[in-house]
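Protein sequence lines correspond, in order, to chains G and H. 2 is the number of the first residue of the first sequence in the numbering used here; add one for each residue after it. 2 is the number of the first residue of the second sequence in the numbering used here; add one for each residue after it.
Where hints are given, some of them may not hold.
[Said to hold, decoys possible] Listed below are several chain G residues computed to face chain H (Cβ distance under 8 Å; list not exhaustive):
1) LEU48
2) THR126
3) ALA129
4) SER130
5) ALA152
6) GLY156
7) GLY177
8) SER324
9) ALA328
10) ARG330
11) TRP354
12) HIS375
13) PRO449
No lab work stands behind these hints: they were computed from the structure. Positions of the beta carbon are idealized from the N, C-alpha and C atoms, including for glycine.
Number of protein chains: 2
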Amino acid sequence: MAESWVNLAERIGSDLHLDLQAELSGPGGRRAALIRALREAVRGGRLAPGTPLPPYRSLAADLGVARNTVADAYAELVAEGWLTARQGSGTRVADRAEPLRPAVRTPRKAPARARGPRHDLRQGTPDASAFPRAAWGASYRRALQAAPSEAFGPGDPAGRPELREALTEYLARARGVRTEPGRIVVCSGFAHALRLLFGHGQSGGGVLRGPLAVEAYGLDFHRQVLATAGVRTVPLPLDEHGARVDRLGRERAVLLTPAHQFPTGGPLHAERRATVVDWARARGGVVVEDDYDGEFRYDRKPVGALQGLDPERVIHIGSVSKSLSPALRLGWMVLPERYVDAVLAAKGEREAWASVPDQLALADFVVSGSYDRHVRRMRQRYRRRRDRLVAALAAHAPHIGVTGIAAGLHAVLRLPPGSEPSALKAAAWHGVALEGLGAFRHPETDMPVGDGLVVGYATPPEHAYAAAVEALCAVLPPP
Amino acid sequence: MAESWVNLAERIGSDLHLDLQAELSGPGGRRAALIRALREAVRGGRLAPGTPLPPYRSLAADLGVARNTVADAYAELVAEGWLTARQGSGTRVADRAEPLRPAVRTPRKAPARARGPRHDLRQGTPDASAFPRAAWGASYRRALQAAPSEAFGPGDPAGRPELREALTEYLARARGVRTEPGRIVVCSGFAHALRLLFGHGQSGGGVLRGPLAVEAYGLDFHRQVLATAGVRTVPLPLDEHGARVDRLGRERAVLLTPAHQFPTGGPLHAERRATVVDWARARGGVVVEDDYDGEFRYDRKPVGALQGLDPERVIHIGSVSKSLSPALRLGWMVLPERYVDAVLAAKGEREAWASVPDQLALADFVVSGSYDRHVRRMRQRYRRRRDRLVAALAAHAPHIGVTGIAAGLHAVLRLPPGSEPSALKAAAWHGVALEGLGAFRHPETDMPVGDGLVVGYATPPEHAYAAAVEALCAVLPPP
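Construct the complete structure from the given sequences, taking the supplied hints into account.
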């Protein structure tokens, strides 16, 4: 079979394979064989409707047949309805009403979110309609033009130096992170960072070992990644000052969301910040800081990164998933010196992972000030949404408390004990997509259960937000 | 510490944190505290040289101090040399001759390839200087403009439908692959595909199980990825018809480079193609097809993808790493129906991995014909390089055989027995970077050792190629 493929259009702009040799063993001459080969290519779906065919001359030269043979074959197939010929646009595969493609399966279903509920208030994503296409496109264009040639060769697993330089400056300025480019490793997001740190499978292979202390409420997806890596997670209770880091035991690592506890919403208290760093120093432990929405703080006292307290004891992880878009798959790890080589080894010699042009575009986006401008604009937008939510609740459901709203892209609506399941059902019934606090609860925590709804107020596009809040208010349990 | 950060520039275009509260406990009033906080931010490297400071008015308003307090603090720091003030451009952090940054470590060394030898003839990468910046940039811009909003939300792990549609049509036309978009999963390259299929760690977690038959000569990096996944590889000897697939035993899977054996360079013979598919059908096995350079074939009979023989028995894997650039981190898996869900599960619910804008750009690049044009241009360029290499060898080292040159981006120079190590030493001594055949040999094969050099003729930029070939000829062993 291998040798029976014939490349018939190499020089005219499209590559096309025809099983001509095989057909030559059939009845008739070359013309008939070419007709059968082309027909088979259309019928089998290898030539899609609308595909242009090579000019007679090129195909004839490539196949070593007379030009008329090709012209006759085309004419026959036009007559049969497989091809169409139009003045000026050459010969193309016909748009068949029922193309005979191999119907191997029905198209895969899009994920639930892509189809979307009527009102999407799930936490975790920014307003996708607000992606700064023009500014990002301008950065990408400048980055493509300015990139040295070697940027299109094999990449440095640490990430592009331009981006690590830009992040060093930005994270110092905006988040109080103290580092230098040699200690930043670019990755594709927080889950990728977790996998680099803790491995992918039971055998480890990660840089850190479990058990890992985690907050009693947190993202279930992260706990799944850790469970897959064979890492046991030990829940730390939460109180009004954040995670009870004073309860840390024999764990050698703790995963925290210090700026804005996810999902309950408060910052880790200053004393607790000092406590956890002291613990790490005394025990030789490490704090993994998930700075997932550090840019979005609405009061006058933003909470700097915990990493600034001790760059040798804290692994700081951030990404553009909340600030720009999760579609870019760009994140970063700011590492203590002693972990850099191990993380790079875990990443793999040939695995830059994150797209290099995107990395260069992000460097330009940060250095040119576009990132600051976008974050500021989104911060104002999300603050207005938060205020609108709070006002609507005060007006329509004053018995429902709202917490965790000084920062971030979500709020927690506190519900009467036991009412969370029915509230979720009512919401689903009315097309309001959101999650309950229970979805974030560590299965082994001894904290008392708190009923609540986690409302991602950043998710809807701007025009749909008012309706979403209205729908939300309508499904809340009565006083 | 947490509450002592003060955001002083939120509204004026840059986010900046100052540890003002901490300084207020020191001697002097607010002016002295602000001076100390700013000085510390510059000294510690959090405010990089050249960073603009907020105007007096904004900072004063944000901090709740008098405007004169800020003006006095700035003036003092200008006097001390920490800041500079210039008419029209405001106050900035001074460019210090010796910035006092935390010198945590010397900058990490760039990888060997980034610094580069004098003549780089290592296999595996296209000419990085030939990346089609203008055409790719145009596709990216169009893709950004045309993308629906949901493209910037959480992604489908299978990849963007636009790209899977485009690949379905392209792979059918150019490579004879028979599939449909629902059976394509976008990934970040061949190694990523291997990891999805075979897992990351000893515990498995992959879709397929070892042992895996592989060609006796192949990429060591791939064998490492498989070894890390705990997969034992069993070498198949090679002869003039390619891998001896008739020797397949109890393995359930075989990894092949059917279009152009890597690195020895021949296509798998037609009978062997049929044999391996028959084996897979009879044993319930699967063929993993690494179509790493299928686009680059220089004779009239391109070898179609093995996948076309049986889409239910062959996993076809390709990427843009050779055809465009490894920096894009874009590849694809064309899967038998029964593996699709397992591969998606291995990929992870939230892990689109490949950048969505890049995926959309590639879809546009393919559909608009830019991909065909680029491949055609590069094919001509590489063919000329191959011809030049062959001519140079014929003139200067006629005793050296050249094989594997009907396709691809590399050639194998056959050396007299036992001369490979000294040839490699001579090459290194003269600044010619390349690898010997031995680097690709499976440690357990019983094939006789063949001495040779693997010459990647695509790697150098165009202007440096002639010199590289000349240098290569000079280091070859004498007759």
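Checked hints:
1. Annotation: interface hint on G/LEU48 holds; nearest CB of chain H at approximately 7 Å, less than 8 Å.
2. Taking 8 Å as the C-beta contact cut-off toward chain H, the hint placing G/THR126 at the interface holds, the least distance being around 5 Å.
3. A cut of 8 Å between beta carbons decides the hint on G/ALA129: the least distance to chain H is about 4 Å, and the hint holds.
4. With 8 Å as the threshold, the beta carbon of G/SER130 comes within range of chain H, its nearest partner Cβ sitting at about 4 Å, so the hint holds.
5. At a threshold of 8 Å, the smallest CB-CB gap from G/ALA152 to chain H is about 6 Å, leaving the interface hint in force.
6. Because the smallest distance between the Cβ of G/GLY156 and any Cβ of chain H comes to about 6 Å, under 8 Å, the interface hint for this residue holds.
7. A least Cβ separation of about 5 Å between G/GLY177 and chain H falls short of the 8 Å threshold, and the interface hint therefore holds.
8. Violation of the interface hint for G/SER324 is found here, the shortest Cβ-Cβ separation to chain H being roughly 11 Å, above the 8 Å cut-off.
9. At about 4 Å, the closest approach between the beta carbon of G/ALA328 and any beta carbon in chain H falls short of 8 Å, and the interface hint on this residue holds.
10. At a threshold of 8 Å, the smallest CB-CB gap from G/ARG330 to chain H is about 5 Å, leaving the interface hint in force.
11. A hinted interface residue such as G/TRP354 counts as satisfied when its beta carbon comes closer than 8 Å to some beta carbon of chain H; here the least separation is about 6 Å, so the hint holds.
12. Here the hint on G/HIS375 is broken, as its CB sits about 11 Å from the closest CB of chain H, past 8 Å.
13. With a cut of 8 Å, the hint placing G/PRO449 at the interface with chain H is violated, because the nearest CB-to-CB distance is about 26 Å.
Consistency with the previously given hints fails for numbers 8, 12, 13, ordered from lowest to highest.
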